Amino acid sequence: MKKTLTLPLTLVALLAGSMQVANAAEKSYSLPLSKPGEPVSIEIEVYRGSVTLVGYKGDTIEISAKTSTFAGKDKDLKKVKDKMNKNNSSRSTKGLKSVKSQSMRLEIEEKNNEVEITSEVSNQHIDLVIKVPQRSSVEVELYKGGDINIDGINGGLELESYEGMIIANNISGPIVAETARTDIVVNFSNFSKISPSSLTSHIGNVDITLAKKVAANVNVQTYQGEIFSGLDKDFVVVDEIKKNSKGKKQEIVLGGIMQAKVNGGGQELSLISYSGNLYIRKGK
Amino acid sequence: MTNQEIIDWKIASLANNDSSELSEAMQSYLKRDKQLQEELLFIENFWTNDVKPLVMPSDKLDANFYQMLSRAQSAQQHNVQQEATQQKTENGVASQQPISFIDKVKHWFMPTPIAQFATLGLVFVLGFNLNQGPSSETNNQAYSGLQQEISSLTTVLAMSMLQKDSASERLSGVAYSRQTDLSNPLLVEQLIELLARDKSTSVRLAIINSLSELKSFGSSEQQLFTLASQEENLLVQIELCRLLLNFGSVDIKNQLTEQANQQLLKPEVREFIQAQLMASYI
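Those sequence lines, one after another, are chains A and V.
Per the working numbering, the very first residue in the first sequence carries number 4; after that it's consecutive.
Per the working numbering, the very first residue in the second sequence carries number -17; after that it's consecutive.
Here chain V stands alone, though its shape is the one from the complex:
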């Protein structure tokens, strides 16, 4: 009996809207572990989007939960490998690709609404951020692998949140996108598409801020320049100009300066660009 089995049961029962009870053995195990009880409560609250303010698990709890997930993953991979080896020996044929814990979780969450998916994403991110000290080389590799999985989960989470009706949830999506390295081109595409059409200035400004994390604008640079030169919202236009002046190519900076010189931009934006250019000479 492990904590993971009980968490598996909890998530599966929430995902399937299943009210089946824990077995007696599980109940007795759960009774002895107060931390696990709190973790289950946290998951349930987040999942059901409870109207009461959510109480985040403590740092210690996060750390414990993350380590537990990591252990569960290792244990599961070990079990799956053992089973695969056993099957190979018994049948003499290659078994199916082992399904990782994360894949299993993705399978649960993919067809379900994002609030449910967010549960795990948040818990993973919380746990990961608070556990940066692996003690051995093996752990290091496991943590590194898990980090990639988290990045992939966070990307999916961000992309889903960006599609929400509520501006606050879209802001969450932008915040999640900042937790990835923006290496997923689909996520960047979605951010720029939202930047062009979102009705909330707050969301648009947050996206611009997030795009500063990009290693290179690549083919999006010209699109960002077009947005900057045609934008009607003053705050958005200024921040787009700041983004391109700080992180754009020399060519784009020149194009933007040219636009300012030819008085094609709003006076406030021209003033801002001139101030930025002056500052860069100092």
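Next up, chain A with everything else stripped away, as it sits in the complex:
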């Protein structure tokens, strides 16, 4: 969601950049920021494709997009086509050549260092590779197609993938990531103390690696999966204690959450899956 800034000083810089790329299967674009050196937030929403984000020391957003017409099976798309075919009688193609669509629809907006990149066309597969300043905070929502890949970004991450995996390397979070049936693999080079992090896969696995220096309270919860840990610290059950008024009994419930305090503990990092396994590895 794009925020409206109300500070008087920022009103001067309300220069919205907007671009629509058409008739190209591959395109690169360099997007300068309105406020170089200041915090950057990037919001990406892709219906079908893959998203790769790489943090770098520069101060522009470097976007590379490659599209192809979606050729796979997609129940939703098939239904639409069937419906259309029923309504339209087929026309003769005699003497005509098939022209493959090479158009690309990608919308990019920037305003006060808040960047929105959107591709919502259902029959277009788009592979986005985007270089962003390392400090960027990023929000990605991917519905179908490939994976979300993140590398070397220090800002907050909010990632959601319905069909593909989420793979993040060399990050510090805070990160909130969620997949439906695929894995989440995260390699923490450091761990943010600012806000809690949480990785949830409904039926996929969650696999994390923590750098030696990371201090965190790692919470794990899986209902039908298994938990594998390479940490020195053991996981212990976190009991829920119901606080009652004075003189009345206290109720203690053995909860489903287990916790390990890594390097003395710190901010919360929760790993949750219904039927997937949880892997906690110790890094360098």
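Calculated directly from the structure, the hints in this document are not laboratory data.
Do not rely on the hints blindly, as some may be mistaken.
[As the list claims (entries may be wrong)] Cross-link-like lysine-lysine pairs, in silico, DSSO-like; alpha carbons within 27 angstroms at most:
(1) K196/A x K16/V
(2) K146/V x K196/A
(3) K(-8)/V x K16/V
(4) K235/V x K248/V
(5) K287/A x K236/A
(6) K196/A x K285/A
(7) K146/V x K114/A
(8) K134/A x K287/A
(9) K30/A x K134/A
(10) K196/A x K(-8)/V
(11) K114/A x K181/V
(12) K147/A x K181/V
(13) K264/A x K285/A
(14) K(-8)/V x K38/A
(15) K181/V x K196/A
(16) K146/V x K38/A
(17) K215/A x K196/A
(18) K264/A x K287/A
(19) K38/A x K60/A
(20) K264/A x K215/A
(21) K147/A x K248/V
None of these values were measured; they are calculated from a predicted model.
Starting from the known structure of chain A, arrange chain V on it as the hints suggest.
Relative to the frame of chain A, chain V by itself:
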């Protein structure tokens, strides 16, 4: 000259985006106190949401800061009372209600974004948690009063964080709500409202976990039951059932068991409820 005066200046200058410099006397005082310099830096980093990783003050620093705040509060109340008495004597009329240090701070923060408010909330909570050993009855009362103020600040902080766009910040809001005793009905209402509509499973699960701190679900119990029976997200539905089975009334537990028996819930949830019930018989 006290540390508090310098912290007051720092917070006020950040809140008003004011770049006025410290007086010479203050600068000289600040130069001599390294801890105070670090405290100011911590506040500034948190306030400006600096992209560099924040370095939390040390335990010793937290303890020192908390004691300093406590002393400042006592000192200020003492001064205000003295002034009030003086005014009464001079004018023969009742003066205005004394404004406490916390009220003054609330006044600074209320109209400003939460990142700024969070500075003080966090520092207070840090300080309070690390200073549980008051030495006298007077201190005990002061600490108790401050604890209430902290709870009130934390509640406001939690409610504001729960409204943020970022899921991670909403998770922070839930974590803050756990630090209160959830006695504020508005906070509970907001948590349940968010539980019903938040798009992040992590946030919803954290809220359910937080609600287990409630002394009683009261009128929210039926609402939680409706959510549990209609929920489509398996993880959320299971945790709602766990919450109600562990902490709900007998009536709600029976209603939930009935739903399971009538196969109105997902097979995985039915299996979970049966396992929970079996465990409770053991």
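Exercise for review: Take the C-alpha atoms of K146/V and K196/A, compute the straight-line distance between them, and say whether it is at most 27 angstroms.
Suggested key: holds, 18 angstroms
Check your understanding: Holds or violated: K264/A with K215/A, Cα cutoff 27 angstroms?
Key -> holds, 13 angstroms
Exercise for review: Sort out whether K196/A lies within 27 angstroms of K181/V, counting only the CA atoms.
Suggested key: Between K181/V and K196/A the Cα gap is close to 24 angstroms, so the pair holds against 27 angstroms.
Practice item. For the pair we were handed, K(-8)/V and K16/V, check the Cα-Cα distance against 27 angstroms. Key: Holds, because 15 angstroms separates the two Cα atoms, which is no more than 27 angstroms.
Review point. Is the Cα-Cα distance between K38/A and K60/A 27 angstroms or less?
Key: holds, 15 angstroms
Review point. If you draw a straight line from the CA of K(-8)/V to the CA of K38/A, is it 27 angstroms or shorter?
Key: Cα-Cα ~26 angstroms, so holds.
**Study point:** Distance restraint between K147/A and K181/V, which requires alpha-carbon spacing of 27 angstroms or less
**Key:** Holds, at about 18 angstroms.
Review point. Can the restraint linking K264/A and K285/A be considered satisfied, given a maximum Cα separation of 27 angstroms?
Key: This hinted pair holds, its Cα atoms lying about 13 angstroms apart.
Point to revise | Hint consistency between K287/A and K236/A [alpha-carbon to alpha-carbon, up to 27 angstroms] | key: holds, 16 angstroms
Check your understanding: Would the pair K30/A and K134/A pass a check requiring their Cα atoms to be no farther apart than 27 angstroms?
Key -> Status holds; Cα separation ~14 angstroms.
Exercise for review: Please work out if K134/A and K287/A have their alpha carbons no farther apart than 27 angstroms.
Suggested key: Cα-Cα ~26 angstroms, so holds.
Check your understanding: Taken at face value, is the distance from the CA of K114/A to the CA of K146/V at most 27 angstroms?
Key -> Status holds; Cα separation ~20 angstroms.
Comparing the model with each numbered hint stated earlier shows that all of them hold.
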